[in-house]
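Student: Chain by chain, the residues:
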Amino acid sequence: MKHWTAVAAAGFIATAAYLPANAADISGAGATFPYPIYAKWADAYKKETGNGLNYQSIGSGGGIKQIKAKTVTFGASDAPLSGKDLDESGLAQFPMVMGGIVPVVNLEGIKANELVIDGPTLAKIFLGDIKKWDDAALKKLNPDVKLPSQAIAIVHRSDGSGTTFNFAYYLADVSPDWKSKVGVNTSVQWPAGIGAKGNEGVANNVANTKGSVGYVEYAYAQQNKLTYTKMINKAGKTVTPTSEAFQAAAANADWKSQPGYGVILANQPGDKSWPMTAATWILVYKQPSNAAATGEALKFFAWAYKNGAKMAEELHYVPMPANVVKDIDNYWKSEIKDAGGKPLF
Amino acid sequence: MVDVALQGGTVQVAVQMDRAKVLQRLRLGDAAFRQITRAAAIVVLVILGGIIVSLVYGAWPALRTFGVGFLFEESWNPVTERFGAIAPIYGTVVTSLIAMLIAVPVGLFIALFLTELCPMWLRRPIGIAIELLAGIPSIIYGIWGLFVFAPFLQQYVQPFLIAAFGNIPVLSTLFEGPPYGIGILTAGLILAIMVLPFITSISRDVFEAVPPVLKEAAYGLGCTTWEVARYVVLPYTRVGVIGGVMLGLGRALGETMAVTFVIGNAHRISGSIMAPGTTISATIANEFTEAVGDLYTSALIELGLILFLITFIVLACARLMLMRLNARIGV
Chain A
8 MKHWTAVAAA GFIATAAYLP ANAADISGAG ATFPYPIYAK WADAYKKETG NGLNYQSIGS
68 GGGIKQIKAK TVTFGASDAP LSGKDLDESG LAQFPMVMGG IVPVVNLEGI KANELVIDGP
128 TLAKIFLGDI KKWDDAALKK LNPDVKLPSQ AIAIVHRSDG SGTTFNFAYY LADVSPDWKS
188 KVGVNTSVQW PAGIGAKGNE GVANNVANTK GSVGYVEYAY AQQNKLTYTK MINKAGKTVT
248 PTSEAFQAAA ANADWKSQPG YGVILANQPG DKSWPMTAAT WILVYKQPSN AAATGEALKF
308 FAWAYKNGAK MAEELHYVPM PANVVKDIDN YWKSEIKDAG GKPLF
Chain B
103 MVDVALQGGT VQVAVQMDRA KVLQRLRLGD AAFRQITRAA AIVVLVILGG IIVSLVYGAW
163 PALRTFGVGF LFEESWNPVT ERFGAIAPIY GTVVTSLIAM LIAVPVGLFI ALFLTELCPM
223 WLRRPIGIAI ELLAGIPSII YGIWGLFVFA PFLQQYVQPF LIAAFGNIPV LSTLFEGPPY
283 GIGILTAGLI LAIMVLPFIT SISRDVFEAV PPVLKEAAYG LGCTTWEVAR YVVLPYTRVG
343 VIGGVMLGLG RALGETMAVT FVIGNAHRIS GSIMAPGTTI SATIANEFTE AVGDLYTSAL
403 IELGLILFLI TFIVLACARL MLMRLNARIG V
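From first to last, the protein sequence lines stand for chains A and B. Under this note's numbering, the letters of the first sequence match residues 8 to 352, in that order. Under this note's numbering, the letters of the second sequence match residues 103 to 433, in that order.
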């Protein structure tokens, strides 16, 4: 009994000691895809500065709703807001971190990076037009690989996700058929296949189903030792999914072409660019009602750009290239201000 | 003694006043108790009403856009914002049907075995195992279903079913297609395992409540165990058994997590029960977080409203069935 009282008392004191620190925490909500890296950064940042981050990974749609309702200091979304939407709501937007999306397959005797697929063929597979692995289109791309005469089992995401948004965006970019029949959204009406929940669900279903093909974040393909494929990029070069290839896509992208850096990194130019790279964005108010809180949040983001690259790579995320970070820095200085017009950063 | 006798009158008055006070207090207590219990009961109605109102309010944009057509439309396209509920409704009903087809007979047999035939020493272990089965969280069933049960079905059961029924006209369509391992059938089987403990434990409890004299009389007349179960135990306990079945059906209709893992989440209706499908609750769980746009969110809420109505209709039918049964037997 005494023991329990002591534990309860200790717990109470710990909570009480924690609460004041909690009040000063940076609060954010949104996308689930970057949650692991935000959590890791937050942990390191707290150790260094004492300031915590409270991030609720409720999904991009929820993040946008929360920041518009001003219940959080920043929102996070896997799909960028349009320039018009940003102007109307007075929000600033910038990319925080990136990830690569890779096609994964399960074929007897075929190892990672052995198969080559190009965009139009990938679109035809997911449209259900290419039904067998020894289809002429796949044979032409892989003259040296022995492809089985096996039915293709398609695995896609069942939940709405930024991964699906970026994947569908890429397929729509390279295939007019995909654009007209399916389109682009966080979830789409899939013409074929089975849906699995989350990256881990797709990874598991592909691992279990012979003859299957799916798409996952690069990190999940690595962790589950799945057979990912090479892709042919916009420049017509065959590329392997690596951190360098994802970063090449970001470095070659014309970030200025869209307001709030809202560039989808699918199918970017450049010999080394991986065609399915995806960024995730942060949303803050340009003239926040609580300027101090937004200032703290920007400090955290600046710290993450500067010190977080290694941690991101450990979790198979891709840090933003230096030239983009520098540009974002200037964007903050010119756009995000307090009520008196003084830059917050 | 003398003192008491002398003061007798006043004591009596005091006692009477005390009595009145005590009675008054008891009355007050009783009134308070009645009010509190009534308030608790009313809270249920208020919550229920609140849920209906907020569901209708949330579903209003979808209700206005799609009208009754929502119920019969198969397309579920977030890009063009064309939504229809027939595929999830079909999946919900079919998976629950499969679950009940398996769980009701098996559950009743287990309960009958436990109460009528089981040796004493085996009763406790089986009883405890069933209660443990009821206590497993649904996410565990989902993960187990995805990682263990689905691969097992894919490798052994489904190829067998495809081969066995391949040449029989109707059944060949029912068991058609590539063995994915996950799909409507898998979801139905998982649901059967999940609702089994509800049906079993409630049936067992009501079977135990059958007066021994009834059973002994039937045995004395020369009835077999089956005849006793069929003509004495089941008729006597039908209200409780149907209650247990309905509780199980309620869980099967609304189960979310386990189903989401193993059903394949495809907005399609196919003749084969091995094909992937979706249910109402799985669709909501999958898509609500990242649903962008008012109409999309609203369509998902309308799905919730439909599930609410389905559950309501099922319960109403159960009540009606019970009333008919009672009227026929004349209880």
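Just so you know, not all the hints are guaranteed correct.
Mimicking SDA-like on lysine to any residue, the simulated pairs with C-alpha atoms at most 20 Å apart in a straight line are [as the list claims (entries may be wrong)]:
1. A/217 - B/182
2. A/188 - B/264
3. A/217 - B/249
4. A/75 - B/264
5. A/188 - B/249
6. A/131 - A/96
7. A/186 - B/183
8. A/306 - A/323
9. A/188 - B/370
10. A/232 - A/150
11. A/244 - A/320
Taking CB as the label site, the calculated pair distances span [to be verified]:
12. B/267 - A/317: 44 to 50 Å
13. B/261 - A/56: 57 to 63 Å
14. B/257 - A/118: 39 to 45 Å
Source of the hints: derived by calculation from the structure; they are not laboratory data. Note that beta-carbon positions come from the ideal geometry of N, C-alpha and C, so glycine has one too.
Student: Each hint needs a verdict: does it hold in this structure or not?
Tutor: Cross-check of the supplied hints:
1. In summary, the hint linking residue 217 of chain A to residue 182 of chain B is not supported, as the alpha carbons are separated by about 33 Å, beyond the 20 Å threshold.
2. Our distance criterion of 20 Å between C-alpha atoms is broken by residue 188 of chain A and residue 264 of chain B, whose separation comes to about 32 Å.
3. The suggested pairing of residue 217 of chain A with residue 249 of chain B holds, with an alpha-carbon distance near 15 Å, which does not exceed 20 Å.
4. Pair hint residue 75 of chain A plus residue 264 of chain B does not hold up; C-alpha atoms about 53 Å apart against a cutoff of 20 Å.
5. For the proposed pair residue 188 of chain A and residue 249 of chain B, the alpha carbon gap of about 33 Å is over 20 Å, so the pair is violated.
6. Pair hint residue 131 of chain A plus residue 96 of chain A does not hold up; C-alpha atoms about 39 Å apart against a cutoff of 20 Å.
7. Our distance criterion of 20 Å between C-alpha atoms is met by residue 186 of chain A and residue 183 of chain B, whose separation comes to about 15 Å.
8. A C-alpha spacing of about 24 Å is found between residue 306 of chain A and residue 323 of chain A, which places the hinted pair above 20 Å, so the restraint is violated.
9. Only pairs whose Cα atoms come within 20 Å are accepted, and residue 188 of chain A paired with residue 370 of chain B is accepted, the gap being roughly 16 Å.
10. Taking the CA atoms of residue 232 of chain A and residue 150 of chain A, the gap is near 25 Å; set against the 20 Å cutoff, the hint is violated.
11. For the hint pairing residue 244 of chain A with residue 320 of chain A, the CA-to-CA distance comes to about 25 Å; that exceeds 20 Å, so the pair is violated.
12. At about 57 Å, the beta-carbon gap between residue 267 of chain B and residue 317 of chain A misses the expected band of 44 to 50 Å.
13. Between residue 261 of chain B and residue 56 of chain A the beta carbon distance is about 59 Å. The supplied range of 57 to 63 Å therefore holds.
14. At about 23 Å, the beta-carbon gap between residue 257 of chain B and residue 118 of chain A misses the expected band of 39 to 45 Å.
Checked against the numbered hints listed earlier, the structure breaks hints 1, 2, 4, 5, 6, 8, 10, 11, 12, 14; every other hint is satisfied.
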